[in-house]
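There are 2 protein chains.
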Amino acid sequence: MVSLTLQKVFSVIDRDLNSSIKLLKDFVAQPSVCATGEGVRDMAHMLGEVLKELGFNVSYHETPTKAPIIHAVLKGKGEKTLMFYNHYDVQPPDPLSEWESPPFEPVVRDGKLFGRGVNDNKGNIVARIAALKAVTEVFGESPLTVRFVIEGDEECSSRGFSGFIDECREELRADGCIWESGYVDKDGRLQMYAGMKGILYVELVARGAERDLHSSMGTIIPNPAWRLVWALSTIKGPDEKVLIEGFYDDVADPAPEDIRALEEVPFDEEFLKDLTGVKEFTKKATGLQLKIEHFFKPTATIDGLVSGYIGEGSKTVLPSRAVAKLDFRLVPNQDPHDIFEKLRQHLARHGFSDIEVKLLGAEHPGKSPINSEIAEVAAKAAERVYEKPPVLLPMTAGSGPFYHVANKLGVPTISAGIGYYDSKAHAPNENIRIEDFRKGIKHMAAVICMFAESRVS
Amino acid sequence: MVSLTLQKVFSVIDRDLNSSIKLLKDFVAQPSVCATGEGVRDMAHMLGEVLKELGFNVSYHETPTKAPIIHAVLKGKGEKTLMFYNHYDVQPPDPLSEWESPPFEPVVRDGKLFGRGVNDNKGNIVARIAALKAVTEVFGESPLTVRFVIEGDEECSSRGFSGFIDECREELRADGCIWESGYVDKDGRLQMYAGMKGILYVELVARGAERDLHSSMGTIIPNPAWRLVWALSTIKGPDEKVLIEGFYDDVADPAPEDIRALEEVPFDEEFLKDLTGVKEFTKKATGLQLKIEHFFKPTATIDGLVSGYIGEGSKTVLPSRAVAKLDFRLVPNQDPHDIFEKLRQHLARHGFSDIEVKLLGAEHPGKSPINSEIAEVAAKAAERVYEKPPVLLPMTAGSGPFYHVANKLGVPTISAGIGYYDSKAHAPNENIRIEDFRKGIKHMAAVICMFAESRVS
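Sequence lines, in order, name chains H and D.
The numbering of the first sequence is my numbering, which starts it at -11 and goes up by one.
The numbering of the second sequence is my numbering, which starts it at -11 and goes up by one.
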């Protein structure tokens, strides 16, 4: 019976595809960059109005950032509640010069939609809205209660999300949660994950003279760019080992079931090398070891470096300031605040207490069982829509506030979404394939229908 | 007799001071940034036209850069020839936000003229022109032949100047040369120097993936920012010692007469600390040792660093590229091309042959006797105008094509100019004091008159 009704739902989705694309374009055309705050409030308002029109009860929760968290509930038939976690903020679009079309002017080329946020994460918001519209049209009402939690600071380490979860814990009950995004791999299989790394994002600031000086003063005036280089070189060495004392203390080895799941995960090393232009992976890792490195090991990454003259040609300047941005991707059971303290102590111990360490973001690693009810329903629905079994990842290499939903609230969680292997999230020319968007909407519709009918375990 | 005539010349200089300031403002309002090429040709043309109006025979020598070298000769009475070396290019004005008034909109505030190039080096060009105009008005003609050599690439390591000197060696005869600039110290004494360091300016470029990636890929994809940090940390250590094999091989110890001259050089350490906001000099140097470090030791300075995200807040990006700009200030008898080769070999030896090393500028160190005829005349003239003995430096910490004039052409050379200790050359809010400008013009007029009358030794 589900099957026949689903066919009707899918027809409605096909019929309305162009208006779904239109809605996504409207969302993408509204910049919403959490790093600068640009447009986040306008975006939240635009999104809230769309949800209200669908009958949602929408509330905005203010946070310490400019971006409110949207909590929207649509009561449906029966007792079951499905949560959707998403975010309406996007990464900054730089470097602008590398975009083939302007990032906030979405455009379809060769069956793909280009623009900042088409994949991460506005396309997924629209897919879930479009799925719910189609299901509601066919069923007359939603077969379950739908709860949207949509924040506006995910790309800036979700400042304020933890506070929202603590404050609204009682209202946020759900039987399962579909996480923000997912990707179709090059074999056409949907990748879904049941855990996310944590993150610690810091800025190191070294200071020298009060202003930039002529570089001939490099004889006797301390140079903050050198101080920063020397400090950074104590944090990680050319063997890729993080040298902060105690950094690896709380790292849990992957469990046997995680290893078994990883063994099933396809990972085309040659394809990834071709895609990125890289000749060899770090530590020369390969096979299962490469997958363990990628999904279960913490990192220390320089995200940005800036000091002195950065234009074309030469300028002889002794910089007054040098800044590095670093992120540490953390795995169970590392704690971002503990790692932050260890980093500060490490720098002090190595003679760099003059370097300021700013905490820009912190997120715990989070993990949900790979065999929960929602995970099994979402996997079955994926197999039906994509006509191939999904790839189930026990963890992903990315970070997000997964911990708060999966571990703090205790809502079983699995990810799914409309991206593909070359969606260029966080990079210039971010894009989705229209056909993935269509399938992603159908997948969400199938999840709503099938989760409504499945027994609460 | 010189004395009485000089008084007349000085009166003319006072009378015309405002029109001299006007000419300088016109020059400063014309950007001429060699690093980008912006405005250099327009500046060369404007300057050439001013010299032609004064009766100079002006020729433009093309170089591999956009900026031609101006060679301008005004025949005078007698056999003697005085050369002026200057440059019409300026440093880039960034960081723009730190300027209190726009860099290319010169303005007088509190007896000071602000703008990019007012000191380095356009103010000195105008001072020499104004001096010559006044002398010519009083004498009816110039008492000696004046030869201007004004290049447009000094801030970019004078690319093309060496070729010009080689090509025009026969035409460039002179009995003495006044070098581009000089500064009044806080005691009101003119600082003059008889030598300059050389320079090697390089750019190091590390490359990773073909484009910026999501920083979660930091697990397995090489990060060029880390490669650059590790490579840089092999070039100089926290003890400030340059670690390039053979770097110090050709460094000449200062001669006894250089040490004697240095002992006479005032160097107010507390004042310099206050001015720069620095608590301690590198290597904790002080006294004569500090002066030797500053004037007679080579450096390795990071002038610029850039990689990945450099904006406000956080962006989780694995950079595809990391760039460092470095300059090495060289002392007799280091050779910039030899040091460049040693740097390349050093990086290869330490496993960093993947990092590209671009040569952006190279200049030999140069030195002239501190007791040449022109040096003695210029010192006497300074004592007369400034009413205090000048400070004679055997070397300066800065670099320039001094070598080509003083050593290749063999023209005895000494510097003099209109700046002061807080002129902020190469930095935001570059400025001169109007009273220094007035005295600098008078000093140049006195040099012209006194050098014309002194015997060729």
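Note that these hints are calculated values from the structure, not bench results.
It cannot be assumed that every hint is accurate.
As the list claims (entries may be wrong) - Footprint (simulated), chain H over chain D, 3 or more residues, beta carbon under 8 Å: (1) 40 to 54; (2) 252 to 266; (3) 320 to 331.
What the hints assert, rightly or not - Pulled a few chain H residues facing chain D out of the computed Cβ check, cut under 8 Å: (4) S145; (5) G151; (6) Y297; (7) E344; (8) L348.
Glycine is no exception: its CB is placed at the ideal position from the N, C-alpha and C atoms.
Broken hints, numbered, in rising order? 1, 3, 5, 7
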